[in-house]
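Novice: Given the structure of chain L, go ahead and fit chains Y and X onto it with the hints provided.
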Amino acid sequence: MPYQVKLEVFEGPFDLLLSLISRHKVNIYDISVAQIAEEYLGYLDEMRQLDLEIASEFVLVAATLLEIKSAGLLPRPRRIEEDDTMTAFEQRQLLIGRLIEYRKFKNAGLALESRLTAERHFFTRQAALEPQFDQLLPDFLAGIDVQEFGVLMRDLLDRERIRLIDSNHIATIKISVEAKLEEVITLLGRAKRLFFKELTKEGKRSDVVVTFLALLELYKCGLIDIRQTDVFGDIEIIKSKIN
Amino acid sequence: MVDHNIKSILESLLFVCDEPLSLARAAAVVEKSEAEVKEGLEELADDFRRGDRGIQLRRVAGGWRLYTHPGHAPYIEKLVISWDSRRLTKATLETLAIIGYKQPITKVSIGGIRGVNSDGAVASLLAKGLIKEMGREKSPGSPILYGTSILFLEKFGLNSLKDLPPLAEFEPDPMARGEIEAGLDEEGAT
Amino acid sequence: MVDHNIKSILESLLFVCDEPLSLARAAAVVEKSEAEVKEGLEELADDFRRGDRGIQLRRVAGGWRLYTHPGHAPYIEKLVISWDSRRLTKATLETLAIIGYKQPITKVSIGGIRGVNSDGAVASLLAKGLIKEMGREKSPGSPILYGTSILFLEKFGLNSLKDLPPLAEFEPDPMARGEIEAGLDEEGAT
Numbered sequence: 001m002p003y004q005v006k007l008e009v010f011e012g013p014f015d016l017l018l019s020l021i022s023r024h025k026v027n028i029y030d031i032s033v034a035q036i037a038e039e040y041l042g043y044l045d046e047m048r049q050l051d052l053e054i055a056s057e058f059v060l061v062a063a064t065l066l067e068i069k070s071a072g073l074l075p076r077p078r079r080i081e082e083d084d085t086m087t088a089f090e091q092r093q094l095l096i097g098r099l100i101e102y103r104k105f106k107n108a109g110l111a112l113e114s115r116l117t118a119e120r121h122f123f124t125r126q127a128a129l130e131p132q133f134d135q136l137l138p139d140f141l142a143g144i145d146v147q148e149f150g151v152l153m154r155d156l157l158d159r160e161r162i163r164l165i166d167s168n169h170i171a172t173i174k175i176s177v178e179a180k181l182e183e184v185i186t187l188l189g190r191a192k193r194l195f196f197k198e199l200t201k202e203g204k205r206s207d208v209v210v211t212f213l214a215l216l217e218l219y220k221c222g223l224i225d226i227r228q229t230d231v232f233g234d235i236e237i238i239k240s241k242i243n
Numbered sequence: 001m002v003d004h005n006i007k008s009i010l011e012s013l014l015f016v017c018d019e020p021l022s023l024a025r026a027a028a029v030v031e032k033s034e035a036e037v038k039e040g041l042e043e044l045a046d047d048f049r050r051g052d053r054g055i056q057l058r059r060v061a062g063g064w065r066l067y068t069h070p071g072h073a074p075y076i077e078k079l080v081i082s083w084d085s086r087r088l089t090k091a092t093l094e095t096l097a098i099i100g101y102k103q104p105i106t107k108v109s110i111g112g113i114r115g116v117n118s119d120g121a122v123a124s125l126l127a128k129g130l131i132k133e134m135g136r137e138k139s140p141g142s143p144i145l146y147g148t149s150i151l152f153l154e155k156f157g158l159n160s161l162k163d164l165p166p167l168a169e170f171e172p173d174p175m176a177r178g179e180i181e182a183g184l185d186e187e188g189a190t
Numbered sequence: 001m002v003d004h005n006i007k008s009i010l011e012s013l014l015f016v017c018d019e020p021l022s023l024a025r026a027a028a029v030v031e032k033s034e035a036e037v038k039e040g041l042e043e044l045a046d047d048f049r050r051g052d053r054g055i056q057l058r059r060v061a062g063g064w065r066l067y068t069h070p071g072h073a074p075y076i077e078k079l080v081i082s083w084d085s086r087r088l089t090k091a092t093l094e095t096l097a098i099i100g101y102k103q104p105i106t107k108v109s110i111g112g113i114r115g116v117n118s119d120g121a122v123a124s125l126l127a128k129g130l131i132k133e134m135g136r137e138k139s140p141g142s143p144i145l146y147g148t149s150i151l152f153l154e155k156f157g158l159n160s161l162k163d164l165p166p167l168a169e170f171e172p173d174p175m176a177r178g179e180i181e182a183g184l185d186e187e188g189a190t
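Chains L, Y and X, in that order, give the protein sequences.
In case it helps, the numbering used here puts the first sequence at residues 1 to 243.
In case it helps, the numbering used here puts the second sequence at residues 1 to 190.
In case it helps, the numbering used here puts the third sequence at residues 1 to 190.
In the EDC-like style, the derived pairs of lysine to aspartate or glutamate whose C-alpha atoms are separated by at most 20 Å in a straight line are:
1) X/Lys-90 to L/Asp-139
2) Y/Lys-78 to X/Glu-19
3) X/Lys-78 to Y/Glu-36
These are computed hints drawn from the structure, not numbers from a lab.
Just chain L, same shape as in the assembly:
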């Protein structure tokens, strides 16, 4: 079993409570407040130690739990002095009611997520209009404020960044990196410079990955220099001057 270093991320105090409850495999309706309150507090402590920002709401729920717990230890209220504050029982009912409501939407959120995942398999056409129709379009800049370009650009840059992260898939390596490494060195002995597209012109994804890894290794060892003038442009490989 791998050692769990990372704390789970919870979407709020209700989420944390739900998770604690499910860990005990008990029904929401059967919560043992005492036990849950202790675990909840323990969790808050852990979060503090990791110096994470703790939302005040987390503490509020903890306080509510503690109140319910302590009230449960005392003799039953006689219902004589009725005041404005809720009894522990009422608080508990309220908390449980809210937890049930929350879980309903958490489930609905998961259902939405799977819809979204399914939708990702459908692509729409992203091409521009045929030139003869393009000319007919009403002035597409009408009503556009120059500020909107800034917003568009930010959105685009965000999207690009996320895409770059997303594309971190690792393929099964069939060709060895070492073999590729030697191949590149041999080729560099003959030619002054190489281009990545040329090296990978067979186009197999695994081949591209292996070549890329080999280049990284060579670069790390200081045997080559790498140049790429623009994003997604071809990568130029030159023998390092140092060696």
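Specialist: For chains Y and X alone, coordinates are given in the frame of chain L:
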């Protein structure tokens, strides 16, 4: 059977559209009744489906739109990078679910259900165009009401909000309801 | 006869392409020989033609491309004129924003930022006189560099490109940052 030429024209129109094509607009362009156009679109969608074609016609967000066959997604991905690689966090999805089902709704009410302040999630959904402001609540401070947008329907492949599965489906186990009171009182004290 | 599935995949690919699809590219994507893919495209073009379909497949310089049926042009014109320009032109606006901020820039770099090939949008902006060619990049293939025109400045009442809203103001908001990180975590977990 709808006149083949009408179907062919509709196919052309769908091809150039970059948003769902409404029945009203299609009918206005081809100068036929909406009923006739609807039949034409349905037949067209059927033709695409039965032919297991690379292009498929779907009804979405109150209109009709062409998409690639979902089974071909791995090939398309080699050619274009998805516009929507941006994921939604669980927090954002929860918030979206609440707005989807409870609209129009205020930020405070959303926070009440999630048990945590949800301003950030609302701002993110607004920025993505998945929700929009829908006026103000008649209550102290007149807080803004939020609801889902057309884009929401499109992105989730829904024709209308009625296509959302009933919220009751997401209730935590209803069997457990009977056990509530009994289990609680005593055990809470231990 | 070419395998129906290959034809269906080719149809999908052609549908999302904003440039003629070359035989080499198509063959690489479907992982078949160029001869087989060529046959598939020819059959597909034939199917469209014989079916008198609203979409037609034609061979043009550099590859194969889908077009609307020429006989339907009057209907398409009617549709295009009826459009609300705002929504339709997102692709073109984005391309213009990129060129505005990143000029001089090549088509490949624009596609890199947008995540999709943008040849059509560039052609449209050129035709409208909003951008112009600005020489060639000193790199393999010496691709054309694009920049905005005087007309672009005029349209927005800008004195110079320095008057574009500074991009530093548009750093990703903390929410988007959080989502980037969340995305990373998910990847790591799988």
